[in-house]
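Engineer: In terms of this note's numbering, the sequence shown opens at residue 1 and continues consecutively.
Keep in mind that the hints were calculated from the coordinates and are not lab data.
Treat each hint with caution, since some may be false.
[To be verified] With a cut-off of at most 20 Å between alpha-carbon atoms, the simulated SDA-like pairs for lysine to any residue come out as follows: (1) 182 with 225; (2) 127 with 76; (3) 234 with 190; (4) 127 with 115; (5) 77 with 105; (6) 234 with 23; (7) 127 with 148; (8) 182 with 209; (9) 108 with 168; (10) 134 with 80; (11) 108 with 147; (12) 227 with 23; (13) 64 with 44; (14) 134 with 184; (15) 234 with 36; (16) 64 with 250; (17) 227 with 199; (18) 108 with 77; (19) 127 with 105; (20) 64 with 76; (21) 227 with 196; (22) 77 with 14; (23) 127 with 167; (24) 182 with 93; (25) 108 with 120; (26) 234 with 252.
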Amino acid sequence: GGHEMRGRPLLSVEGLSARYGDFEVLSNITLEIGRGETVALVGESGSGKSTLGRVITGLKEPSKGRTVFDGVPLPEKLRHRRLDLLRRIQIIYQSADTALNPRQTVRKIIGRPLTLYQGLRGAAREKRLIELLKMVELSEDHAGRTPGQLSGGQKQRVAIARALAAGPELIICDEITSALDKVVQAEVLRMLIGLQETLGVSYLFITHDIEVVRAIADRVAVMQYGKIVEQGEKEVVFAPPHEPYTDRLLASVPDMAVGWLDRIIAGRAA
1 GGHEMRGRPL LSVEGLSARY GDFEVLSNIT LEIGRGETVA LVGESGSGKS TLGRVITGLK
61 EPSKGRTVFD GVPLPEKLRH RRLDLLRRIQ IIYQSADTAL NPRQTVRKII GRPLTLYQGL
121 RGAAREKRLI ELLKMVELSE DHAGRTPGQL SGGQKQRVAI ARALAAGPEL IICDEITSAL
181 DKVVQAEVLR MLIGLQETLG VSYLFITHDI EVVRAIADRV AVMQYGKIVE QGEKEVVFAP
241 PHEPYTDRLL ASVPDMAVGW LDRIIAGRAA
């Protein structure tokens, strides 16, 4: 944790706003993500955090401002983004059930981006596929299964492997552990931290769960009503005094829950 921003940020959101009709869902958002860094974007449902993810990935056009990736402004529309840019920014969604084709095997799900982005086929693709399965702590006998034959945690691991298959520099994680039980959630977060250490990938972690933020973030941006009300190093944002909204978010975590994830992760690491 606690990375200093070395050189220019990998992703820079500059004065970004976005609307749905007359409603301004994002208002003047400024945010930076460094290489190999995890920024958590935290806020209640409807705060605008998922919309920001959609703007970064090109699914929603901003009304003002821009997003710069590795020094180059991102085209606002997805269809104007070239294949290599699509490769470099991947997104993983909350529900693996809607994200994964139930009729396709894991081999096909992870194999497609390996061919599309890496040009791998045949034996080379199979070799990489098995490496990716191991990276997400699945065995190669999962390759022949369909999503319906997997647990929730396993499905989310497949979705993570599919994102990694592209060879991304930034992965946007939109509530990706919120449907999982606490122990599985802790396992997946521990795995993501390990993958970051190995691969140097950056994460934008969109979540409403303060405990997830505590476990994984280097820096935190707190969103309310489409604005960032507070941002900074995790230790600073979580130390009192708080903005009133951050205070409410922190207070919504029962006292007994504070540190549960740290304890589980420490236990597994030991």
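Engineer: Taking the earlier hints as the rules, which of them does this structure contradict?
Structural biologist: Numbers 1, 2, 5, 6, 7, 10, 13, 16, 17, 18, 21, in rising order.
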